[in-house]
Amino acid sequence: MMKTITHFFVLSCYKASLLIEKGNVLPLSFTQRIQLKLHTKICDKCNNYQKQSKWIDLILKKQLDLDQKKLKYTLSDEIKCKINSEIEKKLKK
Amino acid sequence: MSLSPEKWIENYSDEMYRYALSKSGDHDLSEDLIQETFLGALASMENFKGDSSEKTWLYSILKFKIADYYRKASTKNELSNTLSNNDYSDYFFDEHGEWQEQTSPNEWSINASEALENQELGLILTNCIDKLPNTQRQLINLKLIEEEETENVCKQMQLSSNNFWTSIHRAKLVLRDCVEKNWILA
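So the sequences go chain by chain: L and Z.
No gaps in the numbering here: position 76 of the first sequence is 76 in the numbering used here, and each next residue is one more.
No gaps in the numbering here: position 5 of the second sequence is 1005 in the numbering used here, and each next residue is one more.
Source of the hints: derived by calculation from the structure; they are not laboratory data.
Don't take every hint at face value.
As the list claims (entries may be wrong) - To spell it out: a stretch of chain L is covered by chain Z in this simulated footprint if at least three of its residues, at any positions, have a beta carbon under 8 Å from a beta carbon of chain Z; those stretches are:
#, stretch
1, 18 to 25
2, 39 to 53
3, 75 to 87
As the list claims (entries may be wrong) - Only part of the chain L face toward chain Z is listed, based on derived beta-carbon distances under 10 Å:
#, residue
4, I34
5, D57
6, I59
7, K62
8, D65
9, K90
To be verified - Listed below are the simulated DSS-like cross-link pairs for lysine-lysine, each with C-alpha atoms no more than 25 Å apart in a straight line:
#, chain 1, residue 1, chain 2, residue 2
10, Z, K1049, L, K92
11, Z, K1065, L, K72
12, Z, K1007, L, K80
Glycine residues also receive a C-beta, built at the ideal position from the N, C-alpha and C atoms.
Generate the whole structure from the sequences, applying the supplied hints.
Structure below.
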């Protein structure tokens, strides 16, 4: 019951977690920020979600960066040739 | 500034390929994007005003191609393959939009800096992300683009579209749940 009242004034957990994802990428509006702050203050589950969602992003980002450094990926020669021949064709015109 | 397409591959292709790879985490997709970028650049050479460098111009085309890909992907059905919109919200939320008990986020007995260094968590996360459908994995990666670019890309992609956000949301819910279910510490 208490939770239902909370959601009426604040946000449902569904909406709060959606806002968390948005907020990880874009600035939220003033109202959205307040709503989210209020919600995560009283809702442990969403508070956990907010932290863990951020961690997941950070770990994945770190892994991507490491990946890039470890393996000096290059575009395959096949594709390079293909594009170059297209470029030559166009330049000859 | 003028363009020298005959040098594009030699000068930029590997670097741009790695850039695309870092945004998509997908080799085949990155190859396609690079091809499209150079061919697109070739077709629109007359639009090059010379007020930016050749490199900047090529990158702006690549960024547009990446953004365009994600915009299309987020509206494609592929995203709903695993769980349809209703199924996914039912799986994680009840009719009031409150967490379902069995999939709700429990506290992980770890703090922020430990989380980043924890190798087991990193491994589990890798396994979990491999289980996601391609498009969802790419959407997650897209979120990881450098801060200063995010807003730009978002504008290009009209990321405010609800569809995009529910797709990201769904992918993250699945991912988080997968990590928690496979992690002893959680």
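- Message: Let me make sure I understand: some of the numbered hints might not hold for this structure. Which ones are they, in numerical order?
- Response: 4
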